[in-house]
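Novice: Take a look at the letters that make up each chain.
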Amino acid sequence: MTKNLPSIVSSSIVLFGIWLSLTLTFDLQEIILGVVVSVLTAVAVKGALTGNLLRLLSPEKFLAAVGYVMFFLVQMVKANIDIFFRIFRPVIPIRPGIVRANITLKSERARAIVANSITLTPGTITIDIIDDEIFIHWVFLPSGDVHSETQAMVDSFAGRLEKIFE
Amino acid sequence: MSFMNILAHVVTGLGALVLFASGLGVFRMPDVFNKMHAGTKATTLGSVLFLFGLGLFEPSWLPKLFLIILFIVLTNPVSSHALARAAHNEPSEKPDNLIIDDLEESKGGDQ
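Those protein sequence lines, which keep their order, are chains A and B. Numbers 1 to 166, taken from the working numbering, label the letters of the first sequence in order. Numbers 167 to 277, taken from the working numbering, label the letters of the second sequence in order.
No wet-lab data here; the hints were simulated from the structure. Note that the structure is a prediction, hence the values are computed from the model and not measured. It is possible that part of the hints are untrue.
Straight-line C-alpha distance at most 30 Å; calculated BS3-like pairs for lysine-lysine [said to hold, decoys possible]: (1) A:3 / B:201; (2) A:163 / A:78; (3) A:61 / B:230; (4) A:78 / B:201.
Listed next, the stretches of chain B that the computed footprint assigns to chain A, with coverage defined by at least 3 CB atoms under 8 Å from CB atoms of chain A [what the hints assert, rightly or not]: (5) 171-178; (6) 258-266.
Built from N, CA and C at the ideal position, the CB exists for glycine as well.
With the rest of the complex left out, here is chain B (with noise of 0.2 Å):
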């Protein structure tokens, strides 16, 4: 076993237990925004983890799984803001623990 392979299992292995903690977190977390923080940057860098673990198997692969990359860091926050979003305007899913909220504020000027 080279020492490549042993850094790809570990590099692998952190990523799948980081995606196990994402996964973990949208089940504990209390209420849906709580939930995003689990489910957005934990995703992330679990799934760039297991993609460049994967591509230490393989180098080959490493320029088609840079671009995997490349894409899952540039659309996942995305996503992510418009279910934040849309969660905000349905008041049935606003969570009632809100120490602060200036978002509903300032709607509540403008209308």
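So here's chain A without its partners, still in its complex pose (with noise of 0.2 Å):
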């Protein structure tokens, strides 16, 4: 339970950010009723919603996972731009391939954001991870050596969560 409490108390924050939101009141009563729900949702589900997010109050982590989400956002529109331009050509272009990389997180909640990333990143979305490997697929393969730019594009995301998580 002690152990849990960092997790619980985060839980409880968001769901009562989501009540809130879905409410829209600042009626007394409908407050006390979502902290309410939100508490005992969050103990129910022994704050695995979010995990620990309170150590995201430390201004270094604050500021990387701030960073996170401006590089990843960057990085969607430049996606959409590019699926675009390929979408509306005469002859697609594609040279389509699977390709392995290292994955060194441990943690599965920044495994999974890893992987959510790549998906919504230019050019690549992942297919599976087994182990310590990470499967992605490229719409057009990067010349040179594939494995090499496939790791240090797992890496840009992998590098910046590290500091977040470890």
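Now that you have both chains on their own, put them together as the hints suggest.
Specialist: Now the structure itself:
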């Protein structure tokens, strides 16, 4: 119980935020009910919904998290511009292939974030993670050594997340 | 017509354009994995832009729309992983245009 306390607190806060944006009222009765329901739900799932977010309160980790979100948003817009101009060509330029790369992150949550981020960034989707290897499908394989290029792309996400999760 | 209203029209239109490109991509791409590229990336940004544009029309909807955006960004890639894995496990769906396929090799090693 005490070990899970930070996770339960952060889950409660996130759930309460969801409650507030859904009800959109600052009526005292609604808020009290929201707090009760959020805390009960967070305790019931032992905080597994968010994990421990309280460690983001340290300034450098918070900055790293904001930096990651910014980096991710830029990559996502780039991915869409890339796919947009690819689709409207008369002949779609593709050179597909599935490439493996190593992933050193230990936390399951961090791995899920890396896999999801790679799926939403230019020209790559994650297909599978087996043990410490992540398999990535390229719509257009990079020229040169595909394995080192893929590893560099994975590390650009994993390295940023390491600062937050370690 | 206020500035906010014009901006809302532009953002919503942009979202619709990206969603159209996504649909066209699913139609035009030759095999299952490349269809997934169009179907995942473009639908995510398309939906985000469209919902955000709606929020600009009605600023009081923004908190709820933000929740929907969050859920779409979190869940869209997960469904794409599930589909891609299933497609790779199904031999009849496997495209023959892959230049390199490390996953097949490592599966062959396991069995």
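Novice: What's the verdict on residue 61 of chain A and residue 230 of chain B, does the C-alpha distance respect the 30 Å limit or exceed it?
Specialist: Holds: residue 61 of chain A and residue 230 of chain B sit about 28 Å apart, inside 30 Å.
Novice: Is the straight-line distance between the alpha-carbon of residue 163 of chain A and that of residue 78 of chain A 30 Å or less?
Specialist: Between residue 163 of chain A and residue 78 of chain A the Cα gap is close to 24 Å, so the pair holds against 30 Å.
Novice: Does residue 201 of chain B lie within 30 Å of residue 78 of chain A when you go C-alpha to C-alpha?
Specialist: holds (18 Å)
Novice: Take the stretch 258-266 of chain B, compare each residue's beta carbon with every beta carbon of chain A, and decide whether three or more fall closer than 8 Å.
Specialist: holds (count 5)
Novice: Need the status of pair residue 3 of chain A, residue 201 of chain B: alpha-carbon distance at most 30 Å?
Specialist: violated (44 Å)
Novice: According to a criterion of three or more residues whose C-beta lies within less than 8 Å of a C-beta of chain A, is the stretch 171-178 of chain B covered?
Specialist: As far as the stretch 171-178 of chain B goes, the hint is violated, because 0 residues have Cβ atoms under 8 Å from chain A.
When the structure is compared with the earlier hints, violations turn up for hints 1, 5 and for no others.
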